[in-house]
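J.: Sequence:
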Amino acid sequence: MRLQLIAVGRLRKGPEKALVDDYLDRFARTGRGVGLPPVALVEIEAKGAGMAAEAEAIERAVAPGAVVAILDERGRQATSPEFAAQLGRWRDDARDVAFVIGGADGLDAGLRGRADAAFAFGTMVWPHMLIRAMLAEQLYRAASILSGSPYHRT
1 MRLQLIAVGR
11 LRKGPEKALV
21 DDYLDRFART
31 GRGVGLPPVA
41 LVEIEAKGAG
51 MAAEAEAIER
61 AVAPGAVVAI
71 LDERGRQATS
81 PEFAAQLGRW
91 RDDARDVAFV
101 IGGADGLDAG
111 LRGRADAAFA
121 FGTMVWPHML
131 IRAMLAEQLY
141 RAASILSGSP
151 YHRT
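Just so you know, we're using the working numbering here: the sequence shown kicks off at 1 and counts up by one.
Just so you know, the hints here were simulated from the structure itself, not pulled from any lab data.
Where a beta carbon is used, it is the ideal one built from N, C-alpha and C, also for glycine.
Hints may be right or wrong, so weigh each one.
[To be verified] In silico SDA-like cross-links for lysine to any residue, where the CA-CA straight-line distance does not exceed 25 Å:
(1) K13 x R26
(2) K17 x F121
(3) K17 x L41
(4) K17 x P127
[As the list claims (entries may be wrong)] Pair ranges (Cβ atoms, derived):
(5) D105 x R60: 29 to 37 Å
(6) G113 x A49: 14 to 22 Å
(7) D22 x P127: 12 to 20 Å
(8) K17 x A63: 31 to 39 Å
(9) E73 x A49: 15 to 23 Å
(10) G14 x G148: 32 to 40 Å
(11) P38 x A78: 33 to 41 Å
(12) E43 x P64: 31 to 39 Å
(13) S80 x A49: 18 to 26 Å
(14) P15 x A94: 29 to 37 Å
Modelling step: build the complete structure from the supplied sequences, incorporating the hints.
T.: Pasting the structure below:
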């Protein structure tokens with residue numbers, strides 16, 4: 001199993017990058033014990049190229065045969081235990097998973113339509129750079145849940 005976090009844009013030094021790095025490090029440590037590999041962060045540069053060009057670059061970055069799980073405001077609002085259970089099923093099925101976060105304008109409709117799963121962190125629109133930190137935290141929380149820790153204490 002391989003895990004990817006594919007995101008449009010680059011995080012520069014700052015609080016969002018510190019949060020992403022911290023939670024992905026925590027995930028790597030906690031996930032190891034439950035059979036989850038570290039997350040490979042792939043940043044897509046597509047300055048001003050538009051959503052279609054971003055989608056093409058994202059598609060090239062997705063591991064062949066991987067489940068494509070997008071972060072999109074129209075996606076499913078899962079609880080943390082539900083998200084952990086889904087990650088556990090993908091792990092048990094030995095599926096590669098690419099979590100995809102679009103750019104400031106969102107994701108191309110074609111990429112949204114091709115996605116195997118779509119998750120939303122509420123009905124509000126969030127800055128795409130902050131979504132990385134939120135996803136990294138939920139991945140760590142999922143690994144904690146799968147390891148038997150109470151998820152509200154992670």
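J.: Now look at each hint and say whether the structure bears it out.
T.: Hints, verified against the model:
1. K13 x R26: holds, 19 Å
2. K17 x F121: Measuring from Cα to Cα gives roughly 19 Å; hence the hint holds.
3. K17 x L41: holds, 12 Å
4. K17 x P127: holds, 13 Å
5. D105 x R60: 29 to 37 Å: At 19 Å between Cβs, range violated.
6. G113 x A49: 14 to 22 Å: Since G113 and A49 have Cβ atoms about 20 Å apart, the given range 14 to 22 Å holds.
7. D22 x P127: 12 to 20 Å: Cβ of D22 to Cβ of P127: about 18 Å, so the range 12 to 20 Å holds.
8. K17 x A63: 31 to 39 Å: violated, 24 Å
9. E73 x A49: 15 to 23 Å: holds, 22 Å
10. G14 x G148: 32 to 40 Å: holds, 34 Å
11. P38 x A78: 33 to 41 Å: Once the Cβ atoms are compared, 22 Å apart, the range 33 to 41 Å for A78 and P38 is violated.
12. E43 x P64: 31 to 39 Å: violated, 20 Å
13. S80 x A49: 18 to 26 Å: Violated - the Cβ-Cβ distance for S80 and A49, about 35 Å, lies outside 18 to 26 Å.
14. P15 x A94: 29 to 37 Å: holds, 35 Å
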